[in-house]
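Number of protein chains: 2
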Amino acid sequence: MDKNLKRMATMHRMQVTGLDLFYRNGYYNTSIDDILKELSLSKGAFYHHFDSKEDFFTEIIQNLIMRKIYTVLIEPLEGQDNSLDMITSCFDNALETAVHNELDYGFVLGNFINEFNGRNAVIMKHLNDILKLWEVHLVTAIQRGKHNGYIDRHVESEGVAVFLMSAYLGIRTIMVQSSPANRKYRFMSQMRMYFKSIQTKQAAV
Amino acid sequence: MDKNLKRMATMHRMQVTGLDLFYRNGYYNTSIDDILKELSLSKGAFYHHFDSKEDFFTEIIQNLIMRKIYTVLIEPLEGQDNSLDMITSCFDNALETAVHNELDYGFVLGNFINEFNGRNAVIMKHLNDILKLWEVHLVTAIQRGKHNGYIDRHVESEGVAVFLMSAYLGIRTIMVQSSPANRKYRFMSQMRMYFKSIQTKQAAV
DNA sequence: AATGTTACCGACCAAATGGTTGGTCAAAAT
DNA sequence: ATTTTGACCAACCATTTGGTCGGTAACATT
Numbered sequence: 057m058d059k060n061l062k063r064m065a066t067m068h069r070m071q072v073t074g075l076d077l078f079y080r081n082g083y084y085n086t087s088i089d090d091i092l093k094e095l096s097l098s099k100g101a102f103y104h105h106f107d108s109k110e111d112f113f114t115e116i117i118q119n120l121i122m123r124k125i126y127t128v129l130i131e132p133l134e135g136q137d138n139s140l141d142m143i144t145s146c147f148d149n150a151l152e153t154a155v156h157n158e159l160d161y162g163f164v165l166g167n168f169i170n171e172f173n174g175r176n177a178v179i180m181k182h183l184n185d186i187l188k189l190w191e192v193h194l195v196t197a198i199q200r201g202k203h204n205g206y207i208d209r210h211v212e213s214e215g216v217a218v219f220l221m222s223a224y225l226g227i228r229t230i231m232v233q234s235s236p237a238n239r240k241y242r243f244m245s246q247m248r249m250y251f252k253s254i255q256t257k258q259a260a261v
Numbered sequence: 057m058d059k060n061l062k063r064m065a066t067m068h069r070m071q072v073t074g075l076d077l078f079y080r081n082g083y084y085n086t087s088i089d090d091i092l093k094e095l096s097l098s099k100g101a102f103y104h105h106f107d108s109k110e111d112f113f114t115e116i117i118q119n120l121i122m123r124k125i126y127t128v129l130i131e132p133l134e135g136q137d138n139s140l141d142m143i144t145s146c147f148d149n150a151l152e153t154a155v156h157n158e159l160d161y162g163f164v165l166g167n168f169i170n171e172f173n174g175r176n177a178v179i180m181k182h183l184n185d186i187l188k189l190w191e192v193h194l195v196t197a198i199q200r201g202k203h204n205g206y207i208d209r210h211v212e213s214e215g216v217a218v219f220l221m222s223a224y225l226g227i228r229t230i231m232v233q234s235s236p237a238n239r240k241y242r243f244m245s246q247m248r249m250y251f252k253s254i255q256t257k258q259a260a261v
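Protein chains in written order, with the working numbering: chain A, 57 to 261; chain B, 57 to 261.
Keep in mind that the hints are not guaranteed to be accurate.
Heads up, the list lumps identical chains together, so a pair's fine if it works in one copy or across two of them.
[Claimed, not checked] Cross-link-like lysine-lysine pairs, in silico, BS3-like; alpha carbons within 27 Å at most:
{"id": "1", "residue 1": "K62", "residue 2": "K252"}
{"id": "2", "residue 1": "K257", "residue 2": "K202"}
{"id": "3", "residue 1": "K252", "residue 2": "K202"}
{"id": "4", "residue 1": "K62", "residue 2": "K109"}
{"id": "5", "residue 1": "K202", "residue 2": "K93"}
{"id": "6", "residue 1": "K124", "residue 2": "K93"}
{"id": "7", "residue 1": "K109", "residue 2": "K124"}
{"id": "8", "residue 1": "K109", "residue 2": "K181"}
{"id": "9", "residue 1": "K188", "residue 2": "K124"}
Calculated directly from the structure, the hints in this document are not laboratory data.
Please work from the sequences and hints to get the whole structure.
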């Protein structure tokens with residue numbers, strides 16, 4: 057039963073290195089040999105464990121990308137009552153790690169959506185599922201915020217979710233190139249402004 | 057002097073077809089042969105007019121992408137006094153053409169920024185210049201809005217610009233895959249909400 | 001009419017691509 | 001102890017890549 061452990065370990069190593077290179081260089085711009093070289097493994101090893109490059113990447117999506125996004129952007133939403141504070145600190149954390157990451161190439165999910173758009177329907181399906189999952193959880197969080205009296209009841213929850221996802225995807229793209237910390241700060245300030253406009257009106261306290 | 061005309065015409069045809077394919081399939085995923093096949097031209101013709109694939113794309117950026125963005129997203133900003141209305145209708149128009157475009161693969165500039173990030177510094181420079189140009193014009197428009205009394209004086213113009221660019225980049229990515237018209241509508245609604253929060257406060261009229 | 005010049009052709013090249021296949025060797029199952 | 005399995009190797013394959021180069025024919029210049 058030791059064989060199985062080794063199999064899992066090797067496959068995992070391949071996936072981690074694979075994601076790293078795919079993220080940095082793009083999927084189509086990274087060859088299987090590139091990944092194998094990094095790991096000192098052979099072509100045979102790769103095709104022994106995976107059917108194809110596409111199959112390999114599908115596994116990466118499920119095992120690594122999905123989990124990462126769930127941990128960073130989805131799970132934290134289920135904490136407190138006040139969704140707006142929740143989302144604020146969630147975005148703040150996510151952007152902060154991006155600021156301090158020397159090798160930041162943008163939002164993993166966003167980058168891949170961009171690369172596979174109209175080029176590979178199968179993979180796009182998987183990526184879109186993650187996006188949808190995020191959307192659903194955001195909508196739920198916002199509705200909870202309404203229910204708990206933090207967000208104005210007239211606000212469209214789905215609209216807020218789409219707007220927030222857009223803004224996040226965009227800022228992660230823009231942050232990469234110039235003055236990330238600066239752009240993060242400005243972004244967060246304006247997001248708070250936006251949140252003010254959808255908060256429960258205290259009717260001129 | 058007829059030769060020169062022909063040269064220009066051929067080069068232009070190549071660039072138009074090139075941009076079309078690069079946009080649809082990605083730069084690294086589109087071969088020069090793909091472009092040449094479409095035009096029934098030969099390798100020799102290509103390398104007679106351009107030094108390399110990169111040089112070719114640089115020309116495309118300057119001649120086609122830059123101009124397009126200037127026309128659609130920058131020039132319209134210089135119209136009226138009220139920047140917020142201006143920006144709203146500008147985004148509205150830009151997103152509307154995306155909605156009605158059968159073959160929409162997202163925001164051209166955004167897609168390429170994504171693809172070249174950390175992979176080709178020279179091209180990234182050119183793309184970033186365009187982004188910067190857009191940013192500068194947005195900031196100017198917002199400052200004008202403050203000056204003309206439409207926008208609250210305490211608002212950070214640079215912050216608004218970054219936030220708007222982010223949101224636009226993001227919505228263009230998200231719109232591609234599912235229900236673009238729907239997402240556009242929701243996005244625009246929330247953008248108007250955001251604009252309310254930075255408008256001049258009428259101090260409880 | 002003779003002589004450049006220029007737009008374009010298409011065969012060719014080395015390197016790299018995703019994928020296949022026959023084989024080796026250690027561990028598991030019998 | 002023998003057989004079977006499974007992880008991995010490495011040479012190999014067809015195809016595609018960006019790019020080169022010698023040539024040709026129409027045009028422009030003299």
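### Query
Against the structure shown, which of the earlier numbered hints fail to hold, in ascending order?
Going through the list in order, the structure violates hints 1 and 5 and respects the others.
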